[in-house]
Amino acid sequence: MASVTLRGITKRYKDTEVLHDVSLDIADREFMILVGPSGCGKSTLLRMVAGLEEISEGEIVIDGKIVNHLPPRDREIAMVFQDYALYPHMSVEENMSFGLRLRKLPKDEIARRVGEAANILQIKPLLKRTPRQISGGQRQRVAIGRAIVRKPKVFLFDEPLSNLDAKLREEMRIEIAKLHQRLHTTIVYVTHDQVEAMTLGSRIAVVNVGRIQQAGTPEEVFCRPANLFVAGFIGSPTMNFIDGTLLDEGDGPRFKNEVMSVRIPLPLDAQAPRAPEGGKPRSVVLGIRPDDIYAKPPEPADGPDLIPAVIEVVELLGHRKNLHLKAGETKLLATVDAAFAGKPGEKVSVWFNASRVHLFDKDAQERISLEGRRFPR
Amino acid sequence: MTGGAGAILGSILQVGHFVGLILAAVAVLEAYLYVHFFRYGRKWFLPAVILGAGAACFASLMLAPLQLDAGRAASAAVCAAMLEAAIALFFKYVIRGRWALPYMMLAPGIVGLTLLIIYPLLFEVYLSFHDLKLTTILHWSRTGELPFVGFKHFVKVFMSSPLSEVGFWQLVLRTLWWTFVNVLFHVSGGFALALLLHHKLKLKGLYRTLLIVPWAMPQVVAVLAMRGEFHSQYGFINVAVERLVSWMPLLASLGLQPVQWLTQHPFLTCCIINIWLGIPFMMVVILGGLQSISQHYYDAAAIDGASAFQQFRMITLPLIKPVLAPAVTLGTVWTFNNINVIYLVTGQAGGTEDADILVSALYKAAFTYYRYSYSAAFAIVIFLILFAFSMAWLKWTRGTESVYERD
Amino acid sequence: MENANTARALASSSARGQRAENGRAGEEYQKALKAHHLKRKAWLVLIHAALIAWVLVSVYPLLRIFSVSLRPGDRIVSTDLSLIPAGASFLSYWKVLYETNFLFWLWNSLIITCATATIGVSLAALAGYAFSRFKFPGHKTGLTLLLGNEMIPAAMLLLPLFLMIMKLGLVNTYLGMIIAYSVTSLPFSIWILKGYYDTIPKSLEEAALVDGTTRFGAFLRIILPLSTPALAIAFLFNFTQAWNEYLVARVVLTDARMYTWTLGLFELQGQYLTQWGMFAAASILVTLPVLGVFLYSSKWLISGLTLGGVKG
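If you read the protein sequences in the order shown, they are chains A, B and C.
Heads up: the first sequence begins at 324 in this note's numbering, then just goes up one per residue.
Heads up: the second sequence begins at 4 in this note's numbering, then just goes up one per residue.
Heads up: the third sequence begins at 198 in this note's numbering, then just goes up one per residue.
Just so you know, the hints here were simulated from the structure itself, not pulled from any lab data.
Don't take each hint at face value.
Just a few of them, taken from the derived set where beta-carbon distance is under 10 Å, the chain C residues facing chain A [what the hints assert, rightly or not]: (1) M363; (2) P398; (3) K399; (4) E402; (5) E403; (6) A404; (7) L406; (8) G409; (9) T411; (10) G414; (11) P422; (12) L423; (13) R454.
Calculated pairs, DSBU-like style, for lysine-lysine (alpha carbon to alpha carbon, straight line, at most 35 Å) [to be verified]: (14) C:K332 with A:K388; (15) B:K324 with B:K205; (16) A:K501 with A:K430; (17) A:K337 with B:K205.
The following residues of chain B were derived to be distant from chain C, with all beta-carbon distances above 12 Å [claimed, not checked]: (18) P50; (19) R75; (20) M85; (21) S167; (22) A228; (23) Q260.
Since we're looking at a predicted model, the values are computed, not measured.
Here a beta-carbon is modelled for each residue, glycine too, at the ideal position from N, C-alpha and C.
Whenever a hint applies, use it, and build me the whole structure from the sequences.
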């Protein structure tokens, strides 16, 4: 059981820098997820923790010890690979005991640990088979078993579920969650699937273009995304982004563009907005998740806060419906109750759940915190 | 067969001894590299390796039966120590332990290739500028000294004949013709057979197996067997011709008659034998290429209305090119360098020279006529010719590739 | 390719056949189907005929040798073309085994070849791994030089090698032969093995590293056992190259007791037709095992050759 600390990690291949000054603290017994699109550097980061990639700059600390120059075998880690990397010429049992045999553990101890892991993962009947004779899901279990028997300080998972089909992936996800509850060890888990990230992680680090964009609990990352990238990456379907300006016309801050004018509510404890500092309205991006958009048939009495839009496409998901809307030139996706009766071509009135509106600075792409902010008039 | 068991035991011991020596040499080499890759940072590194190299050099020179006096051995040891100092500094400040594993794994192979390919090539260059022949070889093997003669042998290569009758330029032309004809028939024959085999057929596996028999047979047996079939009296070809003629005398009046293949048409005989030998390799390579082309392309082309010939030209040819091009390159070089067929067919004492190409003339010049230095110069000239052709070929194929990509 | 057009015709006529009720179009369809089958059959017959013809050309010399080897002593030389000659006997086999040095020759070939192939494959197994997994300075140059080595004519290398062997006093010894042979197949073997190692996922070694081995340990424990097919191919390649070699042996070996079988065979064939039967018997004895091994392993051997050499 151990904590892992990354300090100022940088990775260079010849002229290209793929990781820039990454720092991250992973607490003891934490289930840390590194999530990001492919090629963002998350796997490289994990492989550096494992000792499979050289570190160009910075240091990695496992359990209080700097491990930069330790080979993988001396780091007391175990790793589960994307393609499982089971040794094809060994039986399942030999695969699982390989690391223990290398460490010259006594035979009965090896047998005990392999049996225990096989029990946990329910692969006892497979022990004598070779990896070729078992299914993808079973291989996955064996790969995890090979990691468990070692009793490492840290488990590293490199996209372990991406080679499984959807149903099996869901099952294994639950298995891994249970495993963490049972073993209670530090886990660093790399994935590109934000559903896995949200469901498994006790904390999530969202990685893009070689930087950690945001690290926090799943709730934090989902409810208060730190920038446009995180907002767009986490959550499915993707958050809607609308360009506009932020200004204050006397009744509090408002988001405005050619089709809408949305009041931005302030938390009760926030100071009332004051006179503008710069004077110019600020260019911002408004983010709103499809679930937080409401729609109703238009009525003549609709107030100015309702946005007129046209339905372009309707997708039935089962209990919900995706409405692809167009408001002026802005495209919006709203997920509404399946009972909603609108058809393509019809007009609707749309409004946002005001407390779930996110605002981002257009230039810096960073979140604009609404707490205690003063807005330009 | 008496003493067979003893001879067998003796030979095993001899070879085992040799393999043991090689293992020991590899162990010494790896130990040397290990120190240089992993211990370069230690304080003792530089003094230890430099002293060690000097001492090892001195000891081995004194122990070896060379009858060197201690003074000369000592100066050699100093040279060795200085060389080692340079190497050690290089390892300490430039290499710094990087790429230890790949270089240590490559080292035995590199040493082997250096000793048995690069050193002989350099020795060949040395030979070509000196005079080694039957009259000087005894002197050379005793003292290691040879008279320097400059470009004399290179001039002789172009001005005189390497064999008794055939001139250099004639050989060059014949070699080019030989290479061209053989490769052409190898590729076209191999292609034809591969296309035939690429259908869904019964007995396909059997056909394939039997078709590669000429390639699978030991070449010496294959060539000598084929040579027998060209025998003027008992060979299949002449026997068949004779029977045909006696059966249908009309054919004789058309000019069909037994031919003295080996003495009158040795070059043609060699070509036929070599083509027979080389077709299976090309067939197998091309068949592999054909099987890797997805049927979808043909389905799509058929729907687009392409005829069989159009499909061959627009799909098969371009898609097989990446497999075919390197095979043709290799095949060309192999054919150019092929001595086996020609030597086995015409190499007996008093054999004809009318089938010889450059490399077989080189072999005969060196080992039938014992003109060592002359052969060395001849070999270098041949190598340069081949090298020039290869460069031109590489440039040309790259050129066509870029045209291909632009399309 | 041929079939596609007919198939198209069939498809259109069958569509019509379904539309038409009176059966006339159905008849047309049956006709087209019949014509298609006939055409296909004719093609198949032609293809089989062509293949059989060439198979005969390929195999005939071997069959002839076999037939000669069975001829009785007084009719070795004849214009007889039948496969099993009248009065067939194994006399020639008996004579070649007991009246010549044939068994010595086989043994010489065997020991030289085994030693050569073992050395060659060991060196290639190590070097191929370095080329497959590491990007060290000289990586590309090395690979190019290995391929370029194919360009060096054998006769060119043979002269200096022979002089070196002579100066070391190794003429007429196994060692001289092993030295001369040992690296000739090395470049190609390195290519074959590199090509095979390239197909083994790197994550296997990484898993072994995490499990607790060194890099070289991962090579020994994981990569080598997984590469047995490729190692076998490389061994076979080295083995056949040395086993079938003639030109080097002719230069290095002059003592008839030290001959390899290729030299002995050439000697037997010689000019004297009286030995023709023994030559044939010896050829058959040597060829059958080689042929068997080659044909048995041809699938791997060929894929290895194309993998390492041609696709390179």
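Now the hints, each set against the structure:
| no. | hint | verdict |
| --- | --- | --- |
| 1 | M363 | violated, 47 Å |
| 2 | P398 | holds, 6 Å |
| 3 | K399 | holds, 9 Å |
| 4 | E402 | holds, 9 Å |
| 5 | E403 | holds, 5 Å |
| 6 | A404 | holds, 4 Å |
| 7 | L406 | holds, 4 Å |
| 8 | G409 | holds, 4 Å |
| 9 | T411 | holds, 7 Å |
| 10 | G414 | holds, 8 Å |
| 11 | P422 | holds, 5 Å |
| 12 | L423 | holds, 6 Å |
| 13 | R454 | violated, 44 Å |
| 14 | C:K332 with A:K388 | holds, 30 Å |
| 15 | B:K324 with B:K205 | holds, 28 Å |
| 16 | A:K501 with A:K430 | holds, 29 Å |
| 17 | A:K337 with B:K205 | violated, 56 Å |
| 18 | P50 | holds, 28 Å |
| 19 | R75 | holds, 21 Å |
| 20 | M85 | holds, 25 Å |
| 21 | S167 | holds, 18 Å |
| 22 | A228 | violated, 4 Å |
| 23 | Q260 | holds, 16 Å |
Figure legend: structure checked against the earlier numbered hints; hints not met, in rising order: 1, 13, 17, 22.
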